[in-house]
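S.K.: Single-letter residue listing:
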Amino acid sequence: MATMQSLDIRRRSASTEAPPQVRQSAIQVAKLIDVSKCIGCKACQAACLEWNDLKAPIGYTDGTYDNPTDLTPTSWTVMRFTEYERGDDLEWLIRKDGCMHCDDPGCLKACPAPGAIVQYTNGIVDFVSENCIGCGYCVKGCPFNVPRISKVDRKAYKCTLCVDRVSVGQAPACAKVCPTQAIYFGSKEDMIVHAEHRIADLKSRGFQKSGLYNPPGVGGTHVMYVLHHADQPSLYAGLPDDPRISPMVGFWKGVMKPLSLAAIAFAGVFGFLHYITKGPNEVSDTDERKADEMAKGKGA
Amino acid sequence: MAVTRRQFMKVSAAGLAASSVGALGFTGAGEALAAGVRPFKLERATETRNACPYCAVACGVLIYTMGDRSKNARSEIIHIEGDPDHPVNRGTLCPRGAAALDFVRSPNRLKYPMVRKPGSDKFERISWDVAMDRVAKLVKEDRDKNFIAKNRDGVTVNRWLTTGFFGTSSQSNEAGYLTYKLVRATGLLGLEDQARI
Chain A
0 MATMQSLDIR RRSASTEAPP QVRQSAIQVA KLIDVSKCIG CKACQAACLE
50 WNDLKAPIGY TDGTYDNPTD LTPTSWTVMR FTEYERGDDL EWLIRKDGCM
100 HCDDPGCLKA CPAPGAIVQY TNGIVDFVSE NCIGCGYCVK GCPFNVPRIS
150 KVDRKAYKCT LCVDRVSVGQ APACAKVCPT QAIYFGSKED MIVHAEHRIA
200 DLKSRGFQKS GLYNPPGVGG THVMYVLHHA DQPSLYAGLP DDPRISPMVG
250 FWKGVMKPLS LAAIAFAGVF GFLHYITKGP NEVSDTDERK ADEMAKGKGA
Chain B
0 MAVTRRQFMK VSAAGLAASS VGALGFTGAG EALAAGVRPF KLERATETRN
50 ACPYCAVACG VLIYTMGDRS KNARSEIIHI EGDPDHPVNR GTLCPRGAAA
100 LDFVRSPNRL KYPMVRKPGS DKFERISWDV AMDRVAKLVK EDRDKNFIAK
150 NRDGVTVNRW LTTGFFGTSS QSNEAGYLTY KLVRATGLLG LEDQARI
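Chains as they are written, first to last, in numbering that gives the first Met the number 0: chain A, 0 to 299; chain B, 0 to 196.
Chain A extracted, bound-state conformation (with noise of 0.2 angstroms):
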């Protein structure tokens, strides 16, 4: 039995032994976000710092109502404003950012460090920061962009979708704030329910591309969005439309990696084998002869 009772892993990262594998049935969780309904309050952004007892610097103001202006190691998530013209009309495009929790997490894969990122059984993806060796290398197989550096103690922090309170059958800090229900949690499976629901309402307003965001190139994800143009995803803040695992982690985890390996391993067997069978390379007396009288000739 591992440690974790109710929460097994499924994933581990850079470790190429499988974690138990009996306890698959964790119902599956889900954060829907649903963007048209949201205000742009930060209370979540507030709930997050508070339950997660993180201290964001107090920031600047650019300009915007983006504050702070974009995910930092202490604030896991952020609004997003996007002001967009549609015909006649502006519409107030305000994403919840932070960590997608993918099915199929870069983040994981990216990893060398052994089990610096895990996934749970129910589908969060969760940074073990004491196993963390702050390579930055999640930053990079992020297909959105989510993870940071710290200064301070060079580690990776995100999102962890409260998985402290997830684990004891609460929701997460943002989702349970939420005044407008913007944010809602519970299984993936009712989730999308819920967004089924949600979408029907929208189409009624005349959002007829509406729909759910769930990206299938990184397996869905467990943040979800109802997006009111859900055919251009692009629109609220750069969300990418079609997010994909960068090639080169497959390319550097998969092909590279094992060569590498053999190279390393193929250099020291070989440099040993040959050390013992011809022995270090040794001067002789003449040589060392030769090259004193070459060396004073030279002198004189």
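These are calculated hints, taken from the structure and not from any lab test.
Hints are supplied without guarantee of correctness; some may be wrong.
Over 10 angstroms on every C-beta distance to chain A, these chain B residues come out as not near it, computed from the model [said to hold, decoys possible]:
hint, residue
1, N107
2, Y111
3, G118
4, S119
5, N145
6, R151
7, K180
8, T185
Derived pair list, reagent style BS3-like, types lysine-lysine, alpha-carbon separation capped at 27 angstroms [what the hints assert, rightly or not]:
hint, chain 1, residue 1, chain 2, residue 2
9, B, K136, B, K180
10, A, K202, A, K36
11, B, K40, A, K54
12, A, K54, A, K150
13, A, K154, B, K40
14, B, K180, B, K144
15, A, K252, A, K139
16, A, K54, B, K110
17, B, K116, A, K277
18, B, K139, B, K121
19, A, K154, A, K256
20, A, K139, A, K54
Built from N, CA and C at the ideal position, the CB exists for glycine as well.
Using the hints provided, position chain B relative to the given structure of chain A.
M.R.: Below, chain B without anything else, positioned relative to chain A:
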């Protein structure tokens, strides 16, 4: 390739050393698979229901304190979140309410009665007893001086217009009722508090 006895021994010794290092756990093979999730921090915290101190909506909050209220344990607020059983907000909060812990811990929060005496340029801390006596005395003085029992036409009005009362938004229905009764019983008309809403 001819291998001498000495070479064979060297290779064997190196192999043994390498596998021993592995068995000692240097390769990470023995590392536990389980990653400890951060323990739920409210497990045995004391939960107290209250109302958010900010606006007049008066959302229900749950205040979590460390310490089980035993004799020698000093309670300290560690977390505040919405009360799911409260009909007003059903667990949700606005950004201010969600950050109410910072309000509790703010160095600027007023924690005791302060008075700025006439002619003084700074507030001084006073005890609750002194504050209560002073307020009661001044209120009584003012009411005795300015209470209007009858208006010009001789109609009984029983009003007191020279003092106002500022209540609080974060009070229960019952406390609102008591505030209203107390203030109106004195004839005071300038009342602002939750009971008005």
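S.K.: Decide if the proposed pair is consistent with the structure: A/K54 and B/K110, CA atoms, cutoff 27 angstroms inclusive.
M.R.: 23 angstroms, holds
S.K.: Regarding the assertion that B/N107 does not contact chain A, is the least Cβ-Cβ distance greater than 10 angstroms?
M.R.: Consistent with the label, B/N107 stays out of reach of chain A, its closest Cβ about 15 angstroms off (over 10 angstroms).
S.K.: When you check the alpha-carbon spacing of B/K40 and A/K54, does it fall within 27 angstroms?
M.R.: 17 angstroms, holds
S.K.: Do the alpha carbons of A/K154 and B/K40 lie within 27 angstroms of each other, as the hint requires?
M.R.: This hinted pair holds, its Cα atoms lying about 22 angstroms apart.
S.K.: Taking 10 angstroms as the cut and beta carbons as the points, is B/Y111 off the interface with chain A?
M.R.: 26 angstroms, holds
S.K.: Given the hint that B/K180 pairs with B/K144, test it: the Cα-Cα distance must not exceed 27 angstroms.
M.R.: Measuring from Cα to Cα gives roughly 22 angstroms; hence the hint holds.
S.K.: Test the statement that B/N145 is away from the interface with chain A: the closest C-beta pair must be farther apart than 10 angstroms.
M.R.: 44 angstroms, holds
S.K.: CA of A/K139 to CA of A/K54, is that 27 angstroms or under?
M.R.: 26 angstroms, holds
S.K.: Would you mind confirming whether the straight-line C-alpha gap from B/K139 to B/K121 stays at or under 27 angstroms?
M.R.: Within the cut-off at roughly 25 angstroms; holds.
S.K.: For the pair we were handed, A/K54 and A/K150, check the Cα-Cα distance against 27 angstroms.
M.R.: 14 angstroms, holds
S.K.: Given the hint that A/K202 pairs with A/K36, does the C-alpha gap stay at or below 27 angstroms?
M.R.: Given pair A/K202, A/K36 holds - Cα atoms ~14 angstroms apart, limit 27 angstroms.
S.K.: Please confirm whether B/G118 is truly not at the interface, meaning its C-beta sits more than 10 angstroms away from all C-beta atoms of chain A.
M.R.: Since the minimum Cβ distance to chain A is about 37 angstroms, B/G118 lies beyond 10 angstroms and the statement holds.
The earlier numbered hint that this structure contradicts is number 17, and it is the only one.
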